[in-house]
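We have chain R; now place chains V and W onto it with these hints.
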Amino acid sequence: MLFGRKNKNPIKIADKGVVEWKYATCGYCSTGCSIEVGIDKKGEAVASRGVADADVNRGKLCIKGIYEHELFRKTRGRGNKPLIRENRWDEFQETNWDTALSKTADEIKRIQQQYGRDAFSIVSTGQIMTEEFYTLGKLARGVIGTNNYDGNTTLCMSSAVSGYKRSFGSDGPPGCYEDFEHTECLLAFGSNLPEQHPIIYWRLMDVREKHNFPLIVIDPRVTMFAQQADMHLAINPGTDLVLLNALAHVILAEKLHKPEYIEAYTQGYQEFAELVAQYDPVTASKICGIDEDTIRNVARVFAKAGAAMSIWTMGINQSTHGSDGVAAINNLHLITGNLGKPGAASLSITGQCNAMGTREWSSCSGLPGYRSLENEQDRKEISEFWGVDPEFFPKERGMFMTDILPAIETGEVKGLWLIATNPMTSMANTARIRKTLEKLEFLVVQDAYQDVETNQYSHVFLPAAIWAEKEGCFTNTERRVNIIRNVCEPYGESKTDLWIFNQMAKQFERGQNVIFPESAEGVFEELKTLSKGRMLDYSGMSYEKIEQSRGIQWPCNEEQSPQGTQRLYTDGVFQTASGKANLLALPFIDNNERPDKDYPFWLNTGRVVEHFHTRTRTGKVANGNKFSPTPYMEMNPDAAAELNIQHGTYARLSSRRGDAIVMVQLTQRVAKDTVFVPFHFHECVNRLALGLLDPHSRQPAYKQSAVHIERIENQQDAAQKNAMARSY
Amino acid sequence: MRTPYISSKKLSDIDSELEKAVFLASYYSKKQKIRRKLAAVILLFKHGLRGLLFSWPLYLLPFSVLAMPEQFKYLFILFLSPGLYVSFIILKKGILEDYSNFVAGHLLNDGYQHMLLFAKQL
Amino acid sequence: MFKYQRPNEQSYAFLPLVNHPEKNRYGDSIETVPEGHELRGKSLNINNDDGIGDNANRYKQHGFYFTADNCISCHACEAACSEKNDLPSHIAFRSVGYVEGGSYPAYSRLNISMACNHCDDPVCLKGCPTRAYTKFAEYGAVLQDPDICFGCGYCTWVCPYNAPQLDQEAGQVEKCNMCVDRLEVGLKPACVSACLAGALDFGVIETTPENRTQLETTIPGFPNSDITHPNIRFQQTKSLPNEMKRTDSMPIRYEKDLQGEYQSKVDEKSQAMQWSFKKLSTRENPLVVFTLISQLVIGAFILLFIGPKIGIATITATSNPIVWPLFLFALISVQTLALVLSTMHLGKPHRFYRAFNNLKYSPVSREVAGIAVFYNFLGAYTCLTGLPVLFTWLPDAVLSTLVVVTGWGATLSGLAALYFMHAIYRIPARPYWNHWSVLNAFYGSMLSLGPLLIGSLYFLMAMLVGENNLQVLNNIALIIAIGITIELLGLYAHARYLKHHSGESQASHYQQITQFGKTYWLRNILLSLSAISMFAMSVINFEINLALIAWWAGCIMIIIAAVLGRSLFYALVIPTTMPGAFFWKNKGFEEHARESGLASRTDAGVLINAH
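Protein chains in written order, with the working numbering: chain R, 1 to 728; chain V, 1001 to 1122; chain W, 2001 to 2611.
Hints are not guaranteed to be accurate.
[What the hints assert, rightly or not] In silico DSS-like cross-links for lysine-lysine, where the CA-CA straight-line distance does not exceed 30 Å:
id, chain 1, residue 1, chain 2, residue 2
1, R, Lys-12, W, Lys-2126
2, V, Lys-1030, R, Lys-12
3, R, Lys-6, W, Lys-2499
4, R, Lys-580, R, Lys-380
5, R, Lys-12, R, Lys-42
[To be verified] If you want the footprint, here are the derived chain W segments under chain V, 3+ residues with CB under 8 Å:
id, segment
6, 2322-2330
7, 2336-2344
8, 2363-2376
9, 2476-2490
If you're looking for bench data, these hints aren't it; they were derived computationally from the structure. A virtual CB, placed ideally from N, CA and C, is assigned to each residue, including glycine.
Same shape as in the complex, but just chain R:
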């Protein structure tokens, strides 16, 4: 063996000098990995690692989690001081918190007085702590009193929420990751686990290494998930409901359903069966592009499995029939009895780290703790608990975020408070959003990053703390409440969102009579009280207990379920009035913006693993950003050849909304009439997307628009434009 020398050189291996590891839960996606942040002797966060004994991730982290410690001080563009300006075209002036908060409060009051309570709207996020969501809800509903209060979860999970409510009477993902270990068949609809939820993919893969079961992926694109699947159904865009109805059709036609379960636990079978009878495999195959044999095969595999599971994310949710799609998946599970037992669940994989938290506690769509404004009893209970007049609450929920923006456009809403969200990049039809934001008399943006693009239109900027610069809880996809311990002080003069909400409340007379606990743990106590005995029971939890158990799945009740609960609906009792789940008849209406001769390509959008949402964080973490530093488009080489477009050059896309420049990546991963563009980049794909809204959930259909593609002659000019389009 060739050694080179006998006297060995000394070995230097990097040692970051970590002296303490602090527990936290990842602040990116809703997998909910437990992560420890390593602190050196100067108190700086220098390392991250997965928590080895956490059940969710068992020590694993994805690329975003591995570099999450850089968020505290190493990402540029953080907000430092509050900023203020008279007009959005003026330069921002630095100011102090008192001025910023009082200016904001004054504007809110002025707008409400002049135009009505609902003329000031609040749109929050899915990424702040549960305690902060609850506090914001108290502020929004109990103090400010606007009914135009929603979150950006409408862009992502609203269809899942809507589908669950329509099918089961309530929100709440019924399964857990452990179901992978017991399932005998997994259908994945429009879910790209390796890029979206890599750790969930690992949990799934780990199980399949030991005992395999059929994995069927339904996705118009050949993702890595599709490659790993036993069957890949390359479905036509925007036709999931057809496939789902067809699967149900085969199950009923071949008598593979479970009549006893249907009888005992569901209602609406008659109408459902009649509707589904129209979706025979032959008809369906012409629409959805999956041949009839495959449809029958999949239906049989699903129905014959002892326990079958479905997962889905944006492929279902972000379409014009997202809510119907979710309900249709629930239908499949209900007719085969695949709910409430190990390995059987229709599990919506959530997007943001705490989208669940806002769904549970923020009062956007109702009242905290899965209560509703429409219910008089709920209004009474909460108003008493908070100390406000029950008549102050509206009797039904207000507009969704995607309806609030058009309301601004037409002058109905005059003011907006955005919290940790960036509609300038995340909303479809960028040009329209710009015009909309211009109309606002007052826009206040509360974010950790000053360079968030929506700040271009704001009048006040409130710098907020990020992730573990605060303390509080998140809830993940499988209802696991997990904790983030405070790792370091907020950057500069930024404050925690909790502090900002508390201070804002003091600016209002009504707010001074309501209790706003100062600490997150204090707020958590209110959550425990309000959730006791309900489905989302937190009463058996405490911060200590959560950290020790590495997260607890609700319901967690000291008497009945002290360690939390893995699955919902194990007793077959649902949250509808009758206690039975709804089987819904869901006709397919094709209102997609289909490709035509002017705009001949489908525009599909989605995620890449190294980025999160609008890249306000990941765009500045160099070790992740380098994997896709600039927007690109996956295009089929055969289609490109016809248009004389080369690999690695820039091309121009245009749609009925606008145009964009992207770098072209030729790959046979996409169909000849489809292109795929990651949605993370500002001034790119959302300039093109239509985002037609689902009628039930008001969620935009990001994945179905039509575009036209052309070659660009002046490549240098295109490169310039592309480089100048974003500041990170």
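Leaving out everything else, chains V and W in the frame of chain R:
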């Protein structure tokens, strides 16, 4: 680096104020100051000699002036400049780097001359 | 030793205790050193820690095991490695790229995660002039010491897997260290522990992990393992399309042959024949200058020294007492300039003296030594013959012996230095260079450029003096013509070799006739014309004015051809690289990022200044 000839702890490694004070008391003493000056000379000598070994032909250039008529004698200085310049550029970096890695912030113990002259890392 | 072991660590992170065969498939022992060997029982001295790990397999060759079927390109392994080693974004020890094939929806993407393979025959270790690499008996790890490295980048040339990473900011190379600190406490490397798809594993070589059966030594996109006997094994069972393509800018694709193995072939991505002058300027520009000048100086000296002995007397010490020393000093100055350029090409120029550390194995060390010896002999000879006034104290016999010795010393060491210089480029991982015709190029340049300079000087002097007898020039022209012919023959043989050898060589040839096509043919034409013109000058006695034109025209042609040719030599080399991704490890994108200003954002992961 671990040798008995220079202190293994650098000033920047020391946390406690007390230890720092003790270290600095010794560091600023006359003996240490003289030793550091001598160390700088050793480094200059070592790098200079090494450089010269590989570039002495360049220093021959000035001697070509010997072959020229009287009025060109001043070219000696001119022809010396390239050699000096190149040596300066390359050696300066080496001397400064070795000084900051092995001398500055360290206490020099007996035998440090030996280490500076013969250790592999320099 | 690794200080950050996690409490309640999971089983996937621990190195298993397994049985392994005694020898690997190449017949070498897997046990690195037997019991009782002097290298046993030593501490790895990681960060001055003198602990010794208690890993039972400490003296066995370890390696990575990559299940190519499973990799999903999630970048967790890359991120875990970069985080543990605290790397800046433009450097990565481990990189994931891919090859893809098939057509929608029967499309397959094969992701490949590669770091260092800690080879049995590490070419990096052999090639490194400073001996910065060591293969350890512990785990068979090949580790590199960045403190000794002076950033020449030769290891990045010779490694077929792009393991060493040259950090141009820091001026040194670093690479995967097999996480030996983790191995010492029984933990698998960070990248393996982070893998989210069950693709990356690690253990004693020639052992299969749980649930795996294959021990392949190659997958599509991976270079031939005969070059270095890398310690990596693969499992790749899924059917793949017959042709797999790369998404990065390397014009290489992989085609399945009749035995089912994938061979690299050229991927003709663009057909236009161009000049591409801008692309001729690479990071290796100093080497263009250095090699040409060294060859020129050696050739000129040999002609001056040997010439009179074979009847080609040009200028001599006795007949030209003023010009002689000036000319020699001029040669020394020019050679010094070349040496300085070549030294500044290093990441750490002030550590140039470390180049002699690896004379045993490294052609770079030998070449540097050869040039240094030549330079010293040249200096001594110049002193002795050009400055006789300094040596009047020496007896004549001694002086003349010294002159002879130094003269022959310079001649022989110069010739040897050029041989070693060519040996530097005989790299199996760079098929474009790995051909004997490099000798033709270098010795041809020596024979043409050196005498060209002497001849031009002689011509000038003759003009000044009004001399009309230019017979000497005939002989010089003949030498030049022979030199150019040698070069041309080499180029022809090289082109034939390129077309048949491998995908990378074919791709180089393809680029040669398309992207650089016009430049390539210009060089060939210039060389041919100047060969003809010099042959003509050697046999025909031209009238003085015609001779003037022919000679100087020849000069210009030869110089242009030399610069173009040598630049092509560096610009056309297509190394066997691991397939990259679309942005990361894609030379085409890196170039574009620099040109378009994307690289000016430090978080794009591309360093602005490549030179």
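Checking each numbered hint in turn, tell me which of them this model violates, lowest number first.
2, 3 and 9
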